[in-house]
Structures are given as structure tokens and as C-alpha cells.
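From just these sequences and the hints, can you work out the full model?
The letter at position 108 of the sequence shown is residue 108 when you use the numbering used here, and the numbering goes up by one with no holes.
One or more of the hints may lead you astray.
As the list claims (entries may be wrong) - Label-pair restraints from in silico Cβ distances:
| # | residue 1 | residue 2 | range |
| --- | --- | --- | --- |
| 1 | Gly113 | Gly193 | 31 to 37 Å |
| 2 | Asp66 | Pro131 | 21 to 27 Å |
| 3 | Leu110 | Leu140 | 33 to 39 Å |
| 4 | Glu127 | Arg43 | 30 to 36 Å |
| 5 | Asp150 | Pro81 | 34 to 40 Å |
| 6 | Leu175 | Gln72 | 45 to 51 Å |
| 7 | Ala79 | Tyr206 | 40 to 46 Å |
| 8 | Asp77 | Val48 | 26 to 32 Å |
| 9 | Tyr42 | Ala133 | 42 to 48 Å |
| 10 | Gln67 | Gly193 | 39 to 45 Å |
| 11 | Leu175 | Asp130 | 32 to 38 Å |
| 12 | Asn84 | Tyr42 | 34 to 40 Å |
| 13 | Asp83 | Ser56 | 16 to 22 Å |
| 14 | Asp83 | His148 | 31 to 37 Å |
Calculated directly from the structure, the hints in this document are not laboratory data.
Beta carbons: idealized from backbone N, C-alpha and C, even for Gly.
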Amino acid sequence: MFSRRKFLTHGCSLGVASATLSSSLLSLGLARRAAAQGAHDYRALVCVLLAGGNDSWNMVVPTDTDQHSQYQAIRSDLALPLDNLLPLPGATATGRRYGLHPGMPGLQSLFAGGDAGVLCNVGTLLEPFDPAAVANGSILAPLGLFSHADQIQQWQTGISDARVTEGWGGRVADLLQGQNLANGISMNISLAGNNVFQSGANVSEYSVQADDDGATGINAYDDGTRFGSYRRQVID
1 MFSRRKFLTH GCSLGVASAT LSSSLLSLGL ARRAAAQGAH DYRALVCVLL AGGNDSWNMV
61 VPTDTDQHSQ YQAIRSDLAL PLDNLLPLPG ATATGRRYGL HPGMPGLQSL FAGGDAGVLC
121 NVGTLLEPFD PAAVANGSIL APLGLFSHAD QIQQWQTGIS DARVTEGWGG RVADLLQGQN
181 LANGISMNIS LAGNNVFQSG ANVSEYSVQA DDDGATGINA YDDGTRFGSY RRQVID
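Written as C-alpha cells, this is what we have:
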């Protein structure tokens, strides 16, 4: 399995996900069926949740002299030197320029090809507020504000004022599943087991193992012992 650091080093490359997913589909015997559809208009939404968080301040860094100086003053010893940053093409609407962490040349290549972008200053708030409003309780705040676990769930559900069991990925699958019947492949495929994000009212995620041979195993079929391994080989 790729560590989070190694994954980001390769620029969140979809090639890694595509390779593991293709291997899983081959193991499931679905690749031929998918290819037969001639999916010229095929589209996939690939979502990666970094449950441990991400130091975004050192991922996308301002390269303008004044802004980088302010960044250095705030980050102190954690700040990245200007000369170490990987420059990004173009500038913002206000003329500002940015660079990437030096360990992300893959993502820099995606930017250069016009295949990547950054969406900043987004979160799960219900309305804008400041520290004073939080202190006096005059704001409509997300449930479990400052709770890491609640924030992770809210990113998956898209609902900040209630704890629900269905994610926005699952809700999208509920709406689109009827358009995806011909190819015989599940609308929702997970490489990370069960999760809230892909759970819908009618559609659940189909979990496969990226580092094994496809669908999540059943212990009675292969219990991890040598005998279980032999039994699985014979049956397969």
C-alpha cells in the first residue's frame, strides 16, 4: 500500500489508482465486459480522503516576495525556502503566484498540462463566523466543531448540522445507478473498505482490495492459513 507521503509525492497520480483498479477488475472477470461497451464517454470520479489530514500550508505556498515573507514569519522553522518550491504556471485573478512542495513534481506536471487545480479555503461550515461569535454562541456551527472525527464524517456526508449514515457519493450513485446498468460494474467501487461517503439509500460500495486479487475475501474461504491458501488455489 502507498503511504500518504508517497501518494502525494507522485502527485496524486490517477495512474496508481487506475492500475490497482484494473488489476482488481481483471481478477473479478469484469474487464472484458467493460471493454465491450466501448466507453468513449466514460467518466469516473476518484475521491481520496486523507484521514490524517494534510499540511496544506506547506503544500501550496505563495512565491511572491511579500507573501512568502509573511508565510515565513508565520510558519517559522517549518517554512519552505523560496528556492525549493516547484513553480506553478499562471497566476490568480489578483496576480499572485504559487509553488508546490519540492516533493510533488508529479502534481506539478499535472498543473503544467492543465489537468490540476487547487480549491482553497473550503470547509464544512454552515455560515461564516469569527472567534467572538463562537465564544458567545451566536452562530450556527457544525455539529462537533473542532472534532476531527466529526469533520471527517461531514466531508463524506456533505451535511454539517446532522449525523447521517449516507454520504454524498452514495446519494449521487442512487441518482445515476439507473443509467449504469449495461456494463455490469458497480457504480461505487471502494479500494478502502466500507465507508460513509459511498453509502446511499439504495446503493452501497463494492469493496475490492487493491493489494490482493480483487473482492474482499471471506474468512471461511481463505482464513489466512496455509491450508486456506491451498483451498483457495484449488477452488480458483
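These are the hints, each one checked on the structure:
no.	hint	result
1	Gly113 <-> Gly193: 31 to 37 Å	holds (32 Å)
2	Asp66 <-> Pro131: 21 to 27 Å	holds (26 Å)
3	Leu110 <-> Leu140: 33 to 39 Å	holds (37 Å)
4	Glu127 <-> Arg43: 30 to 36 Å	holds (33 Å)
5	Asp150 <-> Pro81: 34 to 40 Å	holds (36 Å)
6	Leu175 <-> Gln72: 45 to 51 Å	holds (47 Å)
7	Ala79 <-> Tyr206: 40 to 46 Å	holds (44 Å)
8	Asp77 <-> Val48: 26 to 32 Å	holds (29 Å)
9	Tyr42 <-> Ala133: 42 to 48 Å	holds (46 Å)
10	Gln67 <-> Gly193: 39 to 45 Å	holds (41 Å)
11	Leu175 <-> Asp130: 32 to 38 Å	holds (37 Å)
12	Asn84 <-> Tyr42: 34 to 40 Å	holds (39 Å)
13	Asp83 <-> Ser56: 16 to 22 Å	holds (21 Å)
14	Asp83 <-> His148: 31 to 37 Å	holds (34 Å)
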